[in-house]
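With the sequences and hints as input, model every part of the structure.
First to last, the protein sequences are chains A and B.
Each residue of the first sequence is one higher than the one before, counting from 1 in my numbering.
Each residue of the second sequence is one higher than the one before, counting from 229 in my numbering.
Because the hints were derived from the structure by calculation, they are not lab data.
Quick caveat: nothing in here was measured; it's all calculated off a predicted structure.
There's no promise every hint is true.
[Claimed, not checked] So the derived label-pair ranges between C-beta atoms look like this:
id : chain 1 : residue 1 : chain 2 : residue 2 : range
1  : B       : Thr449    : A       : His8      : 45 to 53 Å
2  : B       : Thr449    : A       : Val212    : 39 to 47 Å
3  : B       : Thr342    : A       : Ala129    : 58 to 66 Å
4  : B       : Tyr256    : A       : Gly94     : 51 to 59 Å
From the three backbone atoms N, C-alpha and C, an ideal C-beta is built for every residue, glycine too.
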Amino acid sequence: MALRDEWHRARAVAWKDLTAERRSKAGFNAVAALAVTILVLFGFALGPDSEAIRAAAPGALWLAALFAGVLAFNRSYQMELDGGALEPLLMYPGARRALFAGKLMANFVFVLLLLVIVIATSLVLFQVAVPPTWPALLIVVLLGAVGLVTLGTFYAAMASRSRAREVLLPLLLFPMLVPVLLAAIQATKALLVGGAMNDAGAWTSLLVAYDVIFLILTFLAFDYVIEA
Amino acid sequence: MTSAVANSPFEAPKSGRWLLFGWLAFAYLIAAQAISIAISPPDRDMGDLQKILYIHVPAAWNMGICYFLVAIYSMRYLWKRDERDDLKAAAAAEVGTLLNGLTLVLGMIWGRPTWGVWWAWDARLTSTLVMFLIFAGYLALRAFVDEPERRAQWSAAAGLFGAINYPIVYMSVRWWRTLHQVQSTPDTLDPSYALSLRLNAFAILFIAIFFIRRRYEAALTERVAEHELQAAVLGGSSRG
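Written out as structure tokens, the structure reads:
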């Protein structure tokens, strides 16, 4: 019963964040445009040799999603901080983890949409064909997005309320995300540009382990972080 | 009239004995270095270059101890809410990051003539570098948050996560690529090298303990002063 109440609260928070995002539009469009720009810049840095570009595509697409996504994480608290709405939100009854779950879901949707745009653009720009194993790629993308969003949403709760939040969030987040990035990039590489299939399998299990560990830890620690 | 100390929940540290401990630690470090340089023969492949390992390897071991302390004190802070645990975690993180940097730089100086490159993307090197970046982020977080309770809770979470992440980072870069020689333990070495490594491991440990204590005392003194200032501004000697 209580769990269902929390689920309703989390869904309400996610819905509120996504509605605000949808109505303003500018936010997502700007971030998506930035992601595409980053991809183009990667093309300049690595190109124009099409073999080299194709080999680097998995790395470029995940980094573009990360660099653009990190802006979304800070935004998800910034809108409330600017409106003075975070304290009232915390005063609502119910556990704080419902708030975290809601923000997590909203950011997950945001990053997933971003990844769709980034991957579609990469397929075109980096001349990569859609592999026959695309359902496996979909799983890798979902797991990678969960990894990025879990710690991203968690650290943004701190960074967005500190001085120098623009630099602090990436500084805290990027080194912590090294396992997710390595695993997501390697698994994507195995699926997109070839490589042993069992490679992708091992990296996928690392992604699962990382996601589970940090989902549990962030839910346990979020109370401490948001109340301070 | 209440003494000024009563306005702070804890007393400022008295560091007399620890200063003596520090002198002894430094003297012991010098002795340990002298002994190792004297008794260990030049290595067959590396020559006298191997002497750098008497700081590099102990620094790496003690870096691990420091980060372990960060995790322990961070957890203890979240459990007991004693501000002093937060300051201890911070001091251990500072010394750990310092030893981490030392490990990296000495490793590079050693690697250049041995491997022919300053840097190799191997599992141990890369995960050590990632840990350095994680704890650089931890220290930046502390620097950018002014409110003490908020800083304590946030950095406890960040410190704990960073320490927990180490095995995952290590495993991921290990799968990614590996080249480092099997790590040194006293068992894999000639006895004269082993003795030198042990002596210096303890030397760096004592220095690390001394530094952690000093940084903790400095932070504690500052917090006591802030508590007293706050009490004075609020007018009165209310405990709190």
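Results of checking the hints against the structure:
1. Thr449(B) with His8(A): 45 to 53 Å: The hinted range 45 to 53 Å holds for Thr449(B) and His8(A), with Cβ atoms some 50 Å apart.
2. Thr449(B) with Val212(A): 39 to 47 Å: holds, 43 Å
3. Thr342(B) with Ala129(A): 58 to 66 Å: violated, 44 Å
4. Tyr256(B) with Gly94(A): 51 to 59 Å: holds, 57 Å
Violated hints amount to a single one, hint 3; each of the other numbered hints is respected by the structure.
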